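Visitor: Listed below are the residues making up each chain.
There are 2 protein chains.
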Amino acid sequence: MMVEANCVRFNSLLLDNGATLAPVDVAYETYGELNAQRNNAILILHAFSGDAHAAGISHDGGKPGWWDNCIGPGKAFDTSRYFIICSNILGGCRGTTGPPSLNPATGCPYAMSFPVITIADMVRLQTMLIDWFGIERLLAVSGGSMGGMQALEWAVAYPERVVSAIPIACTTRHSAQQIAFNEVGRQAIMADPDWNNGDYYGSKPPARGLAVARMIGHITYMSDDSMREKFGRRLRGKQTFGFDFDVDFEVESYLRYRGSEFVNRFDANSYLYITKAMDYFDLSNRQGSLATAFAATQARFLVISFSSDWLYPSYQSQEIVRALRTRNRDVAYVELPSNYGHDAFLVDVAEQTDLIRGFLASTFDKVQ
Amino acid sequence: MMVEANCVRFNSLLLDNGATLAPVDVAYETYGELNAQRNNAILILHAFSGDAHAAGISHDGGKPGWWDNCIGPGKAFDTSRYFIICSNILGGCRGTTGPPSLNPATGCPYAMSFPVITIADMVRLQTMLIDWFGIERLLAVSGGSMGGMQALEWAVAYPERVVSAIPIACTTRHSAQQIAFNEVGRQAIMADPDWNNGDYYGSKPPARGLAVARMIGHITYMSDDSMREKFGRRLRGKQTFGFDFDVDFEVESYLRYRGSEFVNRFDANSYLYITKAMDYFDLSNRQGSLATAFAATQARFLVISFSSDWLYPSYQSQEIVRALRTRNRDVAYVELPSNYGHDAFLVDVAEQTDLIRGFLASTFDKVQ
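Line order of the protein sequences matches chains A and B. The first sequence begins at 1 in our numbering and counts up by one. The second sequence begins at 1001 in our numbering and counts up by one.
Chain A on its own, in the form it takes in the complex (with noise of 0.2 Å):
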């Protein structure tokens, strides 16, 4: 399946920090047909780092999407049967309007001027596009870690639109840890001289601060056991120490690698923005509890996390489900056993798929 990024352009967005960003560009791909009836649509909720290109292969490089192993004729997300969307979030580098786009006031990239974003603003603009597509309701609303929340925040703010959602090892909101996580990889950019205040535009990015800012990430994406299995104590070409500070560990190979390789194809004001959307995130303080805030759903849920998972623990997506229950929704949870951490949703997928292709399927029966 070969597929072609799109682009579509609205007027104006208007943000929760009270500005407004005009016009505004969404880069989106789609996968299956939409039916006559509309009902059969899916929108797919990338994570911090992803991109539109969520399955098939891309015409331009020719690379797998990032969730090509659950999207497609037969996997979770079957291609056959339902049209699935996935567009750039709002903020981000890949297509859709962020920092590094054009401000048409100045006719320069936004950088640091670019307005500070929150997870409802790249709902909001995701309704836009799916208002231009002509559907009303989604069959259902999916993603992993930051697509979690976004799909948890399409439940809560469009009830009417969303028969289903199913958000993945994510959370209702950071806890202290995952805030200062991020704050970490904030401080790695801002303290590399070629941020200067984000105006990189045309000069040198700041690589190294954004390869260390993504190193830490990494680590947190893995699980202990995993790094155990994949690198070990094992050495890097070598049969003893170095005694310097070349690489000596595989490990340390890798993070370097993963580190350079994000320079290429990321922005690092895009960073700064996203994670901060994503510590803002807070649904229990939407209207005053969590309970109060799923009170208006109207979806069901299908609610998945990882047994290792230690950057969004399993008890974080416990609070989704007990929330839910208290407002008596319709929500199955199922704790996956995984030694992959929260990288589990993208390269553990075996009983994900299962779970999602019955959950879809049972859904998409109530609407026909």
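Since the hints were derived computationally from the structure, they do not count as laboratory data. Predicted model only: the values in this text are computed from it and were never measured. Hints may contain errors.
[As the list claims (entries may be wrong)] Here are some chain A residues pointing at chain B (derived, C-beta under 8 Å):
| hint | residue |
| --- | --- |
| 1 | G232 |
| 2 | R233 |
| 3 | L235 |
We treat Cβ as the ideally placed atom computed from N, Cα and C, and that holds for glycine.
Got chain A sorted already, so can you dock chain B onto it with the hints?
Guide: Okay, now just chain B, sitting in the frame of chain A:
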């Protein structure tokens, strides 16, 4: 108890990597009195960022020692019964020879020409200090974190000189995850242009990189729970989000403060060398297996870990206990319940005090 830092100079030290360091200074403090039989001496081994000032109030600065809650009359390490010694580690920056020290061959600081050192090198230097005191056998060696690794090294490498060992919240070898956290800290420092390949003495130190490294450390020293209790999602000096990249959350303010404060008391090159020594440490590699390495030990062991410590998880302490028991060594193990994460051995010391006091008393009885 006002205490004074002392320093002793040794002619030379042969290192694991084959180099010889000459001369070598060791900064140390002592508390209590060495008895006539010279059998009441306890060597306290400090963690990564510690120093010789373990207890009492320093003459200069008036600061209490890093383990002042555990060392003193009636405390875990009772100075009315025992003679306590604590020295700054080799490679440090608090009086013992390390990268910031002057290389007599050049008259300039060693910086990155300092040889890469190991935990065994640190301990070898400590044996010279103990010789200098005229002490043949230590009643106990004890420390937490990297201090615990040194205690294990003492027991394995100098079995006839150690009556007992109390390794706390430590491991016989770093996991891939522990190496990864250290490597990201090193990369943060080396990414700072002010690091300048280590040649920053007399000019601007790599303050931003070192601060980022320290922030990462502080996240790993606390637990998810203790961060929630201490900070939660509380905002710092504001009622609502600032919608900017200044401090929003208390936890951000804490990390920034801890990071910048660290820069005033610690050397960035020492950070590199000491973390490398930790990563190289691998007792199980010594003689084929951990059990074989422990076979020659003569000490009694008290091994302590903390339930919420995810940086040095209890399973690592349990590996020590298992290997010691395989060789029928005398070992007691306690996992203490605590919410304080890795910091527990420094801050949550009530039960730890009872354990250590009892263990030392019975050990001292045996040598009388």
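Visitor: Each hint should be assessed against the structure and marked as holding or not.
Guide: Verification of the hints:
no. : hint : result
1   : G232 : holds (6 Å)
2   : R233 : holds (6 Å)
3   : L235 : violated (11 Å)
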